[in-house]
Structure formats: structure tokens, C-alpha cells
Amino acid sequence: MKAFAQLFLSLDETNKTNEKVKVIKDYLLAVSDEDKIQMLALFTGRKPKRPINSTKLKEWALELSQIPDWLFRESYDVVGDLAETLSLLLPESKNRENKSLSAWIQEINKIRKLNDEFKKSWLLNSLNKMTRQEKFVFFKLLTGSFRVGVSQNLVVKALSEIANLEPATLTHRIMGNWEPATFSYQDLVAEEDGTSDISRPYPFFLAYPIQETSEKHKTIEELQNELGNADDWQAEFKWDGIRAQLIKRNDEIFIWSRGEELATDKFPELHPFIMDLPNGTVLDGEILAFKDNQPLSFNILQTRIGRKTISKKMLIDNPVAFIAYDAMEFSGEDIRSKNQEARREILQQIQNNSSNQDIFRISEIIKTNDWDFLAQERERSRDLLAEGLMLKRKSATYQAGRKRGDWWKWKMDPLSVDAVMIYAQKGHGRRADLYTDYTFAVWDGDKLVPIAKAYSGLTDAEIRKVDAFVKRNTLEKFGPVRTVKAELVFEIGFEGINRSSRHKSGVALRFPRILRWRTDKKMEEADTLESLIALLPDEN
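Take any residue in the sequence shown, count from 1 to its spot, add 4: that is its number in my numbering.
By construction, these hints were calculated from the structure, which means they are not laboratory data.
Note that the coordinates shown come from a computational prediction; the quantities given were computed from them, not determined experimentally.
Note that the Cβ used here is the ideal one computed from N, Cα and C, for glycine as well.
Errors might be hidden in some of the hints.
The calculated label-pair distances, taken between Cβ atoms and stated as ranges, are [as the list claims (entries may be wrong)]: (1) Q137 x F482: 49 to 55 Å; (2) R476 x D376: 47 to 53 Å; (3) P282 x N132: 58 to 64 Å.
Taking the hints into account, I'd like the entire structure generated from these sequences.
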């Protein structure tokens with residue numbers, strides 16, 4: 005665990021890509037193959053299930069520390085992270101033991117079904133063998149809050165340099181429904197992929213943004229200079245749903261989300277058309293709320309996300325369809341190396357042969373060789389409940405991850421509102437001592453009503469200035485949250501807005517983020533709830 009705790013600390017202390025890759029490589033070269041695969045599992049979101057609930061964990065740890073509950077609460081309010089607070093409060097260990105990461109994970113998995121008496125004894129005994137940094141990481145694992153500031157791409161890059169394998173090969177191998185107990189490091193780096201996991205998806209090809217905010221607007225001339233002739237590109241609308249990969253192999257079907265969540269049971273109405281596909285077919289596309297031959301708001305689809313069971317009423321009230329973008333496998337053959345036009349022909353062939361074309365649709369190509377026409381189509385995309393356009397080079401292969409050059413997303417400028425910061429909370433990792441998570445409000449008459457939380461969009465220098473403001477202007481404390489003097493105004497961007505009974509304002513913003521700090525505006529000049537409600541799609 006000592007080596008893994010040092011890896012976690014080293015990655016948290018740097019934001020330099022090359023340094024992170026070096027740190028990961030050094031770790032992989034120093035530990036056993038069992039620890040390598042456990043580390044990969046943790047870094048790709050495959051955390052062990054929580055063996056002890058947070059209340060018991062805190063109670064037993066405080067018993068060891070002999071710290072009163074009031075002092076813990078005060079400390080937790082300042083730190084804002086349970087794992088970090090407990091690791092700081094516990095006394096230094098005297099009988100240290102450098103047990104491996106894989107050994108600890110094995111123990112964590114074993115104690116889940118044991119009684120509280122045994123769990124408590126195991127926890128206190130374990131904590132007496134660790135350094136403070138090891139305790140911090142250990143608590144992260146036990147609380148299920150383990151996360152690290154490194155992308156999967158950087159881990160794959162480090163692995164590829166050690167194993168002498170192509171990053172795309174490794175990326176594909178770590179996709180899907182694997183666990184360290186059934187997938188070894190030797191399986192990962194073998195010259196030939198000997199696994200027979202018929203459920204395994206392919207890595208998604210992700211588009212690069214042409215523009216993200218209104219401050220990065222591109223003219224048609226700039227677009228033409230950068231991308232060349234419009235005729236070289238396949239243009240489609242960018243739909244707002246759940247990106248998904250549909251698989252049929254050996255008469256079994258699988259639905260994977262972009263976040264590598266197996267969602268087969270979430271969309272039973274799609275099963276008939278997937279079963280109707282030829283064996284050895286993998287499709288890339290979007291699951292949308294869909295009714296009366298047109299897409300519906302993402303808010304309708306969201307009512308089905310996270311539910312363990314889907315009722316018959318929900319299937320009727322919130323139906324879905326699949327809009328296919330691409331074909332990745334056909335007749336058992338990986339066709340990602342074929343160009344865009346060739347894959348499109350195969351996709352069209354698959355859809356033409358389907359008897360379920362009401363729910364198995366294909367992304368319509370906008371036929372033109374004129375950038376001005378495409379710009380006009382982009383402008384009307386929001387009326388169609390689309391996010392903008394996708395531009396795909398006709399000669400492009402299907403690649404892995406976000407690659408600049410062949411797939412572009414030309415999104416609509418975000419909707420925006422000027423809002424006042426009213427609450428602040430400290431961040432995590434390198435920003436654990438800074439107030440970086442904010443709640444924003446707009447005017448409803450003479451009162452400020454909260455509408456969104458956001459934590460991205462400011463520079464490090466701006467964050468430090470806001471942090472200083474929060475510390476000088478805190479009015480109340482509610483645990484880790486601070487009520488601050490209503491004064492600072494920020495422009496908040498978002499992709500969509502819907503009614504919501506769960507929010508005090510009555511509306512929910514989709515993907516809110518900070519576009520800029522409006523130092524030129526006073527709080528009285530912030531927008532109103534009325535102006536937000538006017539943006540609701542059903543009231544335009």
C-alpha cells in the first residue's frame with residue numbers, strides 16, 4: 005500500500021502530463037502484476053464495494069483517535085473530506101506493515117459480509133499498521149470516494165510504453181465488464197488477445213469541439229480555412245441523449261453507455277431490434293426519448309436513468325429510440341479501419357434490412373457542399389432539440405478516444421445567465437484548501453433563488469481571488485458549506501433548461517459551468533428567474 009499511496013500523492017501534486025506518465029510508469033515497474041491490475045481497476049472506476057458504512061467508520065476511527073465528536077465536526081467542516089479528516093486526526097502508527105495493494109483489496113472484499121465486531125477489530129488493527137498517507141488512501145477505498153486526477157488515456161500511455169503495445173489495443177482490452185479477479189495483467193499485455201468476452205465494446209471515437217463558448221465564435225471563412233471543402237465532410241445533427249454502443253454476438257445482446265456502464269436492462273424496448281441484427285454487429289449511436297416521429301427533451305429520458313426497474317407505464321410515457329451514427333463491427337469483422345463512407349454504407353444496409361425501423365433509426369446526413377448552408381442548419385438545431393452539428397471527414401477511420409482532425413462537434417453557443425454567487429464549498433485534491441465549488445442564484449422579485457452549482461471555468465488566479473472573498477465575507481456555516489455575501493456576479497453557461505419540482509427555483513439547468521466572472525456587473529444587474537423560465541422549451 006505504501007507504493008500505491010505514494011503514487012496517489014505524486015499524481016495529486018502535479019498537473020504536468022509527462023510527469024504523471026513517468027510517475028505511473030515508475031509505479032508499474034516497481035510492483036507485482038497483481039498490484040498492477042488492481043491499480044488499473046481503481047483508475048478505471050472499478051472500486052471495491054463499501055464494506056463499512058460511513059457512520060461506523062467514523063465512530064470506530066474516532067474511538068482509536070480519542071478525539072471528541074465536536075472536534076471531529078469542527079475539523080471536518082474545515083477539511084471538507086471524510087477520508088482526509090480521519091487520516092489527519094488519527095495518531096501515528098507504531099507497528100507499520102507494508103502490505104500490498106492487492107492484499108488490502110482482497111481483505112476489503114472479504115470482510116463485507118462479516119459482522120460489525122469483526123469489522124471493527126479488523127479496521128482498528130489495520131489502521132495501526134499504516135502511515136498517514138496510507139490511511140488517507142485506505143479511507144478513500146473504504147468510503148467509495150476514491151478518485152484520482154489522471155485520465156485513462158495517461159494510464160494507457162504509461163502501460164503501452166511498458167508493454168510495447170499500441171494504446172488503441174490496450175484501450176480496447178480494458179473496455180467492458182472485467183474485474184481483477186477474472187482478468188489478469190498477463191491477459192492485458194499478451195501479444196494476442198486470448199479472451200472470449202463477447203460483451204466487450206470498442207472504445208468510442210469522440211469529436212473535438214470547434215467551439216465551446218460564445219467567446220470562441222468562428223466565422224465561416226475561418227471554418228473553411230481550417231477544414232477545407234464542405235464536400236469532404238459528412239454533416240449530421242448532434243443529438244442530446246445517451247451515447248451508446250449496441251452489440252449482438254452469439255445470439256446475445258448488450259447495451260453499453262459511453263461511461264462503460266452496462267445498460268441492457270434499462271431499455272427493454274430496444275431488445276427486439278437488437279436481437280433482429282445479424283450476429284457480429286456493433287453499432288454506435290444515441291439513445292433518445294422519442295415519440296410521434298420526433299426526439300423529446302433529455303429531461304424525459306432522465307426520468308429513466310438510475311432506476312433499477314422500468315415500469316410498463318414508464319415505457320409508454322417515456323419511450324425511446326436508437327439513432328445510429330456508425331457501424332464498428334459487421335459479420336464479426338472489426339470494420340473500424342474502413343473509411344467513413346464505407347462504414348456508412350454498411351450502416352445503411354443494416355438498417356434497411358431491419359423490421360424495426362420505428363425505433364432503429366439512422367442519423368440523417370445533411371447533404372450540401374456549402375458551409376453557409378451548414379451554418380444555417382446549425383442555427384436551427386436547438387429547435388429540433390439537437391445540440392448542433394457533427395462534422396466527420398468522409399475518408400476518416402473510426403478511431404479511439406478524442407482525436408483532433410477527423411471528427412468535430414460544432415455545437416450551438418450555450419445558453420447563459422448572469423447569476424450571483426451565494427454559497428461556496430472547498431474543493432478536493434490540490435484544491436482542498438480553496439473554495440472552488442459555488443452555488444449561484446438569480447432574482448425572483450427581491451429575493452435570490454438558487455438555480456445551479458458549478459465548479460469549472462475559472463483560472464487558478466481567479467479561484468484564489470474568489471477564495472479570498474469567501475473567507476472575508478462568510479455570513480453563515482452549514483457543515484462544509486459557507487453562505488457568502490451576495491456580491492459577485494458570474495456568467496453561467498448551460499446546454500438546456502427544464503422544469504423541475506426538486507429545485508426551489510422550479511427549473512434545472514443542464515451542464516452548468518462558469519463562462520466568465522462578470523466583474524463589470526453589480527449583483528442588482530443579475531438576471532431574473534422570469535428570464536430563465538422564458539427559455540423553457542415548452543414555453544417558447
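Do the hints match the structure? See the list:
| no. | hint | result |
| --- | --- | --- |
| 1 | Q137 x F482: 49 to 55 Å | 30 Å, violated |
| 2 | R476 x D376: 47 to 53 Å | 51 Å, holds |
| 3 | P282 x N132: 58 to 64 Å | 59 Å, holds |
In the structure shown, a violation is registered for the earlier hint numbered 1 alone.
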